[in-house]
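Peer 1: Chains as they are written, first to last, in my numbering: chain A, 8 to 204; chain V, 8 to 204.
Hints are not guaranteed to be accurate.
Remember, identical chains collapse to one label, so a pair may be satisfied in a single copy or spanning two.
Cross-link-like lysine to any residue pairs, in silico, SDA-like; alpha carbons within 25 Å at most [to be verified]:
id, residue 1, residue 2
1, K124, F38
2, K124, G198
3, K124, F75
4, K40, L88
5, K124, I204
6, K40, P180
7, K55, S176
8, K9, S79
9, K124, N109
10, K9, R44
11, K9, A87
12, K124, I196
13, K169, A48
14, K124, Q190
15, K55, N162
16, K124, Q25
17, K124, S39
18, K124, G61
19, K40, D202
20, K40, G128
21, K55, R186
What the hints contain is simulated information worked out from the structure, not anything from laboratory work.
Number of protein chains: 2
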Amino acid sequence: MKVIVIGATGTIGRAIVQAIGNRHDVIPVSFSKSVIRVDIADRASIAKMFETVGRVDAVISASGLAKFGPMSSLTDADFALGLNNKLMGQVNLVRSGMDYINDNGSITLTSGILSRKPMPGSTAISLVNSALEGFGRAAALETPRNIRINIVSPNWVVDTLKAFNMDPSIGTPVEVVARAYLQALEGSINGEVLDAI
Amino acid sequence: MKVIVIGATGTIGRAIVQAIGNRHDVIPVSFSKSVIRVDIADRASIAKMFETVGRVDAVISASGLAKFGPMSSLTDADFALGLNNKLMGQVNLVRSGMDYINDNGSITLTSGILSRKPMPGSTAISLVNSALEGFGRAAALETPRNIRINIVSPNWVVDTLKAFNMDPSIGTPVEVVARAYLQALEGSINGEVLDAI
Chain A
8 MKVIVIGATG
18 TIGRAIVQAI
28 GNRHDVIPVS
38 FSKSVIRVDI
48 ADRASIAKMF
58 ETVGRVDAVI
68 SASGLAKFGP
78 MSSLTDADFA
88 LGLNNKLMGQ
98 VNLVRSGMDY
108 INDNGSITLT
118 SGILSRKPMP
128 GSTAISLVNS
138 ALEGFGRAAA
148 LETPRNIRIN
158 IVSPNWVVDT
168 LKAFNMDPSI
178 GTPVEVVARA
188 YLQALEGSIN
198 GEVLDAI
Chain V
8 MKVIVIGATG
18 TIGRAIVQAI
28 GNRHDVIPVS
38 FSKSVIRVDI
48 ADRASIAKMF
58 ETVGRVDAVI
68 SASGLAKFGP
78 MSSLTDADFA
88 LGLNNKLMGQ
98 VNLVRSGMDY
108 INDNGSITLT
118 SGILSRKPMP
128 GSTAISLVNS
138 ALEGFGRAAA
148 LETPRNIRIN
158 IVSPNWVVDT
168 LKAFNMDPSI
178 GTPVEVVARA
188 YLQALEGSIN
198 GEVLDAI
């Protein structure tokens with residue numbers, strides 16, 4: 008299958024490319040570090056990416072920014088970042104992608120464990136991650152031509168916890184997280200939230 | 008308790024006022040039909056409402072617009088309506104309300120059954136309702152002074168189904184829905200999504 012991986016140079020994206028790269032024709036895309044680039048917060052940039060790549064069998068997104076911090080210090084702009092980038096950026100990959108994904112193809116987005124297991128500081132991120140899960144469940148009822156849509160909700164990744172000086176023992180190895188994307192890509196599930204924990 | 012009810016002239020809001028009005032000091036607020044008015048999509052309007060009303064023990068919101076329609080025909084503006092109005096409008100009631108809600112008070116927001124039981128046409132609404140539930144769970148971990156926050160997720164209301172010429176037998180009487188708000192107001196629950204079904 009011809010598969011676009013967006014966020015291909017991130018922690019999870021790299022592991023996805025590693026997991027599916029020898030099984031499929033992967034086109035890595037990122038904000039700044041790949042040959043093909045996209046700013047998912049910009050619909051014109053998404054349109055240009057699809058025009059450049061052409062028709063594909065699947066899109067996998069492991070991309071999107073949202074702000075972590077105490078609710079009392081989050082600004083309107085902090086909430087808007089999550090809404091415009093991680094949330095509507097990925098929603099718009101679905102909306103624009105419908106014209107480029109082949110029959111029986113799939114699109115897989117990324118939310119995160121904070122959707123259902125919040126922590127202090129996660130209000131803006133929990134909002135966005137839950138929104139993606141609700142959107143995905145609903146969008147799966149409307150996709151044309153047997154296109155499937157699923158959401159992977161990764162646990163904290165071990166490497167991310169280490170980078171934030173948090174306890175890595177609560178984390179999931181990124182290779183385990185990547186398997187959920189493989190399952191969404193190659194399986195027949197539709198409208199599911201896959202907890203990669 | 009002194010309780011602001013926002014959306015007090017709507018189908019659910021009227022039932023909330025009916026259910027709590029003889030037990031508490033209710034201040035009804037709506038977009039256009041009450042003495043005190045608010046446009047929840049406008050942070051300045053929210054600030055003005057709280058300045059007018061002053062300190063309260065609780066805020067209940069049964070308000071917010073979002074667009075129903077096939078994903079393929081929803082515009083950027085349709086998605087933005089839900090994000091700016093029902094979602095961030097209610098989120099901003101929490102953010103601004105923290106300065107006006109008394110110790111041990113509460114705030115109760117409204118999502119809806121489409122968060123977890125979507126239907127064709129519900130992508131923008133399912134997104135918003137799920138976002139509210141994720142936000143509420145997270146915000147409850149950070150509220151100061153024992154302020155509680157909960158989300159009521161109402162089933163379709165019988166009267167709403169009738170108004171849309173849909174089968175009313177799948178609906179819930181609005182009096183039953185109103186009881187969930189009473190439970191959130193007078194109980195001790197925090198960070199919960201109450202399914203009013």
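Peer 1: What hint numbers does the structure not satisfy?
Peer 2: 1, 7, 9, 11, 13, 15, 16, 17, 18, 19, 20, 21
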